[in-house]
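Enquirer: Line by line, the protein sequences are chains A and B.
Its first residue numbered 1, the first sequence is counted upward by one per residue in my numbering.
Its first residue numbered 1, the second sequence is counted upward by one per residue in my numbering.
Honestly, I wouldn't trust all of these hints.
To be verified - Below 27 Å or equal to it, Euclidean Cα-Cα: the simulated DSSO-like pairs (lysine-lysine) are:
| # | chain 1 | residue 1 | chain 2 | residue 2 |
| --- | --- | --- | --- | --- |
| 1 | A | 109 | B | 247 |
| 2 | A | 334 | B | 247 |
| 3 | B | 147 | A | 126 |
Stated by the list, open to error - Selected chain A positions facing chain B (in silico; Cβ < 8 Å):
| # | residue |
| --- | --- |
| 4 | 10 |
| 5 | 46 |
| 6 | 49 |
| 7 | 50 |
| 8 | 53 |
| 9 | 226 |
| 10 | 343 |
| 11 | 362 |
| 12 | 363 |
| 13 | 365 |
Unchecked claim - Label pairs and their calculated CB-CB ranges:
| # | chain 1 | residue 1 | chain 2 | residue 2 | range |
| --- | --- | --- | --- | --- | --- |
| 14 | B | 318 | A | 53 | 51 to 57 Å |
| 15 | B | 13 | A | 295 | 57 to 63 Å |
| 16 | A | 343 | B | 12 | 44 to 50 Å |
| 17 | A | 119 | B | 22 | 51 to 57 Å |
| 18 | A | 3 | B | 276 | 28 to 34 Å |
| 19 | A | 206 | B | 309 | 50 to 56 Å |
In short, the hints are calculated from the structure, not lab data.
Cβ coordinates follow ideal geometry from the N, Cα and C atoms, glycine included.
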Amino acid sequence: MKYVDEFRDGELAKNIAANIAREADPLKIYRLMEFCGGHTHAISRYGLVDLLPKNVRMIHGPGCPVCVLPIGRIDQAIRLAREHKVILCTYADTVRVPASDNLSLLRAKAAGADVRMIYSTQDALKIARDNPSREVVFLAIGFETTTPPTAVAIQQAAAEGLNNFSILCDHVLTPAAMHAILAVEGGVKIDGFVGPAHVSTVIGSQPYEPFADDDGKPVVIAGFEPLDVMQAILMLLRQVNEGRAVVENEFTRAVTREGNLKAQQWVADVFEIRDVFEWRGLGSVPKSALKLRSKYAAFDAEIKFNIAYVAVPDNKACECAAILRGQKRPQQCKIFGTVCTPENPVGSCMVSSEGACAAHYSYGRFREAVE
Amino acid sequence: MSSIKANYFRPLDLKNGRVDMSHGSGGRAMAQLISELFAAAFDNEFLAQGNDGAVLPPVTGRLVMATDSHVVSPLFFAGGDIGCLSVHGTINDVAVMGAKPLYLSASFILEEGYPLSDLKRIVESMAQAARAAGVPIVTGDTKVVEKGNGDGVFITTTGVGVVREGVHLSGDLARAGDKILLSGAIGDHGMAILSQREGLTFSAPIVSDTAALHGLIAAMLDSGVTLRVLRDPTRGGVATTLNEIAKQSGVGMLLDEAAIVVNQPVEAACEFLGLDPLYVANEGKLIAICAAEDASRLLAVMRAHPLAAQASIIGEVVADTHGFVQMTTKLGGRRVVDWLAGEQLPRIC
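Let's have the full structure, built from the sequences with the hints guiding it.
Expert: Right under this line is the structure:
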């Protein structure tokens, strides 16, 4: 397929792999974190670990939108659907994230709640227009990639006077999460970041400069295709070996330093930064998420339905928190693959194939059988 | 001279009429629906017996029986409809057991209010598929459910066939060293359905691959190659079917991603929706497993048939107590091709 197959070419991959092998100093261990679930998925889906030397280790970061949602946030959505009888719309895998009382949005749906999976915020608006007598709530999740479409939907709803539409805003911010990862006490040592692809198309490469300048961590922004990831790894190794720490952009076909200014403008019009937001794994992180500005308060489901966030502790045996911080690997969790499976996820990392646990379970667990 | 008209009779309104509860009540309306629509379309000597069941001539050999319910939405899609799908699906289930399909039954659950004109299209499509396959629909049943309790039309078909002498096919016969063959490009049916559902229209047409495979299978059996396993990778796609076989046979598999054909529109649609074509349904493809020494001969026979012109050897059976289906990716890495967990849902970012 044109424009995609070029970035999945096996021969080119071999060339880059050979360059990586030459670049990697056998006396060093390189610990590289791919922040995004999209990269985690590409690495697992294409078996890229097999193309890397043993001393180049990929650590999965927290950039999986459904993985970082704490139980309490899903509980809120379920309460809206069950108690307030709203039509609850959300993206894809979010419906499978485990919540309290052995529920998920999918299970709430099976028990009669009106939960709908949508592909676009435009679908949610259409549902609201088509059901004027019902309240429609969009559970808005995701990093900066999914934020502009939510902003546009709010602007449209305001312009149309679509008063039966509102959102539960769980949009989160990538740079804040990267800071939180580096600030974890006794946290994992990271030699460099494979920087986000789609997120960076929106925010640009500039917001990562403090990680290079202040923390001395090389960052290479990379696309989500396997060759992008391989090339970024090579570029990171070169930076580490040369003692450099700068932000480099492998994904120049889509990312500029400034990013998408139009999208940023929409987001700034609709959202402001929350003082604090609880992440699964990272705990309460200051200034790490967005909420609606007061001029759009009428579209804020938390206000409209007076539904406060209640923090709920994770399952005690679940290691998602340590895995999201990069401190543990999925297979080091006691319940991995036994109690917690993609069919019955206990923790959020087992839900989406972008999640570290589901990616390892679905694509990589043969490696343990060999080890 | 009698004053009674010869034809006190008002035919079914197949243009503007709709299914109503009386069409399932056992009375005159039901008899009329059966005679004017179903019997007229399916017309064959066994159905014409007009009894509760069809009496069929004796056969020699082991019988295979398979049944399949069809609940597809939308009922009409690019490349087919629920009618021909319900014929092909069951013929294929019988044929992959190494049997020559002989007869079908068809059972309809109709929703009150469904347009008779659409029902006629479905029934005629079934009749045409059955005739083209040479497998008559010899008995059937019709029930009507109240509006809101069905999705237009549900069709259950059952097929009977006879296995030829010396043929033993079963999912537990794959052995380490065997080759795995796939008859063509994957994912066409599932993506044709998905792309036609509300809100997901693509400009590139994706056409369902729905087809009866018994002719292809007969050619494969005629070739003299010893087949061990045949299966049609429908729901859950190629990945699910291979996992089923690996589990039944207690073996692993190693696939070569580069050998698996995916048509470009399907690849693009899957990419767009975040789906993996390995898990998308097919309705006109088969997977065959045979001994390594027979593989190239079998491949040639398959490629000579129009329904398997793009056939390829996609991998081999390996000894593996874990039963993993693994794949060497186009990039040269390796990964598990796992069972599908729940429904295939798109990823978000």
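Enquirer: Hint by hint, say whether it matches the structure.
Expert: Tested hints:
1. A:109 <-> B:247: 32 Å, violated
2. A:334 <-> B:247: 25 Å, holds
3. B:147 <-> A:126: Judged against 27 Å, a Cα distance of about 25 Å means the pair holds.
4. 10: It holds, given that the least Cβ distance between residue 10 of chain A and chain B is near 5 Å, below 8 Å.
5. 46: 4 Å, holds
6. 49: 7 Å, holds
7. 50: 4 Å, holds
8. 53: 14 Å, violated
9. 226: 5 Å, holds
10. 343: With a closest approach of 5 Å, the residue 343 of chain A hint holds.
11. 362: 5 Å, holds
12. 363: Result: holds, 4 Å to nearest chain B Cβ.
13. 365: Because about 6 Å separates residue 365 of chain A from the closest Cβ in chain B, which is inside the 8 Å limit, the hint holds.
14. B:318 <-> A:53: 51 to 57 Å: 26 Å, violated
15. B:13 <-> A:295: 57 to 63 Å: 58 Å, holds
16. A:343 <-> B:12: 44 to 50 Å: 48 Å, holds
17. A:119 <-> B:22: 51 to 57 Å: The hint (51 to 57 Å, Cβ to Cβ) is violated, given that residue 119 of chain A and residue 22 of chain B are roughly 42 Å apart.
18. A:3 <-> B:276: 28 to 34 Å: Since the Cβ atoms of residue 3 of chain A and residue 276 of chain B sit about 19 Å apart, the hinted range of 28 to 34 Å is violated.
19. A:206 <-> B:309: 50 to 56 Å: 53 Å, holds
Checked against the numbered hints given earlier, this structure breaks hints 1, 8, 14, 17 and 18; the rest are met.
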